Amino acid sequence: MVGVVIASHGRLAEELLSAAQAVVGPLVHVKPVTISTREVCRPAEQLAQAIDELDQGDGVLVLCDLFGGSPSQAACQLLHDKRVEVVSGVNLPMVIKLASAREGATLQELARLLTVYGQKNVVHASELVRQFEARQSPPAQGPQPGKS
Amino acid sequence: MISFVRIDNRLVHGQVIEGWLPHLKVRRVLVLDREAAQSPLTRASMGLAVPEAVALEISPDDAELRKAADDAVPTLVLFRDIAGAFEAVRHGIRVAALNLGNIHFKDGRYPITASVFLDCEELHELEQLAREGVQIAAQALPSEKPMGLEEIGARFRQSASGPAC
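If you read the protein sequences in the order shown, they are chains A and B. The numbering of the first sequence is my numbering, which starts it at 1 and goes up by one. The numbering of the second sequence is my numbering, which starts it at 149 and goes up by one.
So here's chain B without its partners, still in its complex pose (with noise of 0.2 Å):
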């Protein structure tokens, strides 16, 4: 069972073990990334992190996911970029919600919270994530107000000082 979804560039780290995992009670999380899946240091460094009573999946494709969605156990669910939830949902995976947790700066990003930036891409592919019924939220904690996809477009247009795509 999904619980949750979060973009967050860091995967596990101390906001999602910290914060987010006393806060949804998840007995499993699932990493769906090709880099982590591969470096059996990012594996053991990962997997030690998370408390004992939750399980730690790291994959690098779908396969997982689609296992996730059917079965009973609650799962948390990280991908390292807009992308890939994308791609996961053109598959054909449901998913009722997508938070935004971290999205570094890099060239063509405009900040829209203090840890979310986002290109033109990225933006037309929430919109259109947002119109097929996904409620999106940039919200790096649980403790912080979620911003909803209206809230991002403007920030977008502000910081690309008009309609940059």
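Just chain A, same shape as in the assembly (with noise of 0.2 Å):
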């Protein structure tokens, strides 16, 4: 199985996976990492010694929340090792897909495929919403309020 490390500012990565095992229960092989400006350690020897952690054989996914943050930054600087792949913009629908998506997938295709399910799971919602009210019930027939 692939082993996943959530890499944030702040305290985001550890809530984002608590987040979803609230929804989908405990995720195997999954580690936060906070990659803060007041460590002394190196946020890529952070990141280095969790993949080191979790690597079971079948490599090790990063997301990163931002792009051009510094847990990216740092991730890709990891790119020399091949048990590696990153992905940036991690969002929560993204960590609960981990549940499922991790069996049988190699670390390109759960990279991939989390890639697409992230940016599939930002929607309009409110409009979403109302233009499904709308077609569930069509505007009534008759002459207008205010007009004679």
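Just so you know, not all the hints are guaranteed correct.
[To be verified] Residues of chain B clear of chain A, computed beta-carbon distances all greater than 10 Å:
1. P170
2. G281
3. C313
[Unchecked claim] Which bits of chain A does chain B cover? Going by a derived footprint, with three or more residues having C-beta under 8 Å, they are:
4. 64-70
5. 73-82
In short, the hints are calculated from the structure, not lab data. Quantities reported herein were computed from a predicted structural model and do not represent experimental measurements. Idealized CB from N, CA, C, for every residue including glycine.
Take the two lone chains and join them into the complex the hints point to.
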């Protein structure tokens, strides 16, 4: 099974994991890593250590919060390691998807799948709901209020 | 044209891209760092992270800084540590102001703000720069209130519980 590091600013990684586990139950071989500007340890070393812990031979996917931010910069420093793929812009649907998407998936497949899945799950919800509602109940016939 | 000079041990990262670039409206970011300049992966990931309208240059030495100082392109200059900026000023590059963004903790450094830690030598270098007319301010983000050198010195002595140097 592909291991997963969630790397973020602040406590976002931990909280994403905890929220996802509240929905789908325990997620194994997933580790949140906080990249702090206060850390003495260098971010790339923090991530490399987590990757070593998680790799079971199928590689490790690093899910970062913001492309260009410190966590993703650090992760991209590790790309000479062929066990590593990096996806940036992690959201809760992606972490939840880890519960079902990893079975039988290679590192590359998981990275591609989660990238598409994460993007698909950003929706303009109010617009979707209003459109759906409008289709369900067509506007009432007859004279418009205020007109005679 | 050097618009802004910042010390940030993370160089190009979220605070710079999302915080300072929209605020400063510069058209170029110049990273002066030997380590970053020598790493193709770092060059690629930093290059992709900067918005398309902003040019990114990563240079191991002051040569690019000299050029940037003399042309018309508004430029944000990033150094990893105070020593780099100090050296550039020593070499005759005019810097009006120096922003202290992220200088992480290590042995010998004392806390000044949540993201700035300084050792004795760095404080001395800042004082020297101030004497030469450089405006010093610790400020991680544009929305934060800048902290001047006087307050920085006071906090240093407080953290070091006395005159540590």
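Results for each hint:
The beta carbon of P170/B is kept farther than 10 Å from every beta carbon of chain A, the shortest such distance being approximately 13 Å. G281/B, annotated as away from the interface, keeps every beta carbon of chain A farther than 10 Å; the closest lies near 29 Å. No Cβ of chain A comes within 10 Å of the Cβ of C313/B; the nearest lies about 21 Å off, and the non-interface call holds. Here the segment 64-70 of chain A counts 5 residues with a CB under 8 Å from a CB of chain B, which clears the bar of 3, and the coverage holds.
Counting residues of the segment 73-82 of chain A whose beta carbon lies closer than 8 Å to any beta carbon of chain B gives 5, which meets the minimum of three for the stated coverage.
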